Amino acid sequence: MNLERVDLNLLIYLDVLLREKNVTRAAEQLGVTQPAMSNILRRLRNLFNDPLLIRSSEGMTPTERALELQPRIRDALSDLSMILEPRTEFRPYTSNRVFRIMTSDYAEATLVPRLVKALRSEAPNVVLDFLTPSDVSYRDMEQGKVDLAINRFNEIPQSFHQVLVWRDSFSCLLNQKHPAAANLNLKSYLDAQHIWVSKTGMGVGFGVNPEKQAGLGWIDQALERIGQKRKISVFTRHYQMPALLASNVDLVATLPSRIARLQANSQNLLIKDPPFYIPEFELKMAWCPLLHHHPAHRWLRQLILYVARQMIEEENREFLNNNSQFSHY
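Per my numbering, the sequence shown starts with residue 131, numbered consecutively.
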């Protein structure tokens, strides 16, 4: 194929068509008429010698060739954007850029306070706009409307970049007067009433079904693997709630360990290890290819990872100090 005869704008149209899987929506996104977009799709089919999108009962379904092309087209457009964008050094201290970051409630309670503190000295005029998972879709991220997502991801678009921020385990938070406080074993755990807290998925959330244990997350899936089920009395989507609720003498909250340590400042609350195995989970940072090479974006990603490393190092030092103190007794 002679590249000089190819209209490279077609790659932009193809990227939007494969993302939207709808000619009308793609036309609206690109500011062209529907007949014009239909003509563009015809040209793309001729160019790649493939239907690319086929009508089905669910709308437009991408062909195998289209699915193969999609991540490569995204990478190519990202590289072109980097080539064409003027290379200007990002100066964080004088920048007034707005960064929009989707964070889970977990990330906002643990990582964000330290990130904000670092930004006040590194980039005092930068504005951070934190969005919840319910505010954001992957399409928003693909279009560059949202800079980053910091969350626990089960699924993520193949074209996205992602990096591990940290791993965390689970701990139980309960009142020191709780009947199980002295001996939290599997029986006393299952006899207790529990607080469920989670909201990590993208998009608008809906009420949970307590009967569908597999859909309740890591803790209940871990119990299901050993043939057990806990009694959940309270469902919440906010990690600041369990400390208030666990102050009741009959409730147990099983939370990520970093959250539990933050909330256990009250003299009434205790942290205990769960009496069964719950796998660790990963907090990750993800972003779309369009922003991968942007200097400001790259600086923010590096700062977030630096703050996370600092927090992990401080936790490790505190753990070693506590163990050293206990060794003297």
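Source of the hints: derived by calculation from the structure; they are not laboratory data.
Certain hints may be false.
[Said to hold, decoys possible] Here are the simulated lysine-lysine pairs, DSS-like style, with alpha carbons at most 25 Å apart:
(1) 402 - 307
(2) 317 - 307
(3) 359 - 317
(4) 151 - 307
(5) 275 - 414
(6) 361 - 307
(7) 317 - 402
(8) 414 - 359
(9) 307 - 275
(10) 317 - 361
(11) 414 - 361
(12) 414 - 247
Just so it is clear, the structure is predicted and the values come from calculations on it, not from any experiment.
Structure-based check of all given hints:
no.: 1; hint: 402 - 307; in the structure: 13 Å, holds
no.: 2; hint: 317 - 307; in the structure: 17 Å, holds
no.: 3; hint: 359 - 317; in the structure: 11 Å, holds
no.: 4; hint: 151 - 307; in the structure: 57 Å, violated
no.: 5; hint: 275 - 414; in the structure: 19 Å, holds
no.: 6; hint: 361 - 307; in the structure: 19 Å, holds
no.: 7; hint: 317 - 402; in the structure: 15 Å, holds
no.: 8; hint: 414 - 359; in the structure: 29 Å, violated
no.: 9; hint: 307 - 275; in the structure: 48 Å, violated
no.: 10; hint: 317 - 361; in the structure: 12 Å, holds
no.: 11; hint: 414 - 361; in the structure: 30 Å, violated
no.: 12; hint: 414 - 247; in the structure: 20 Å, holds
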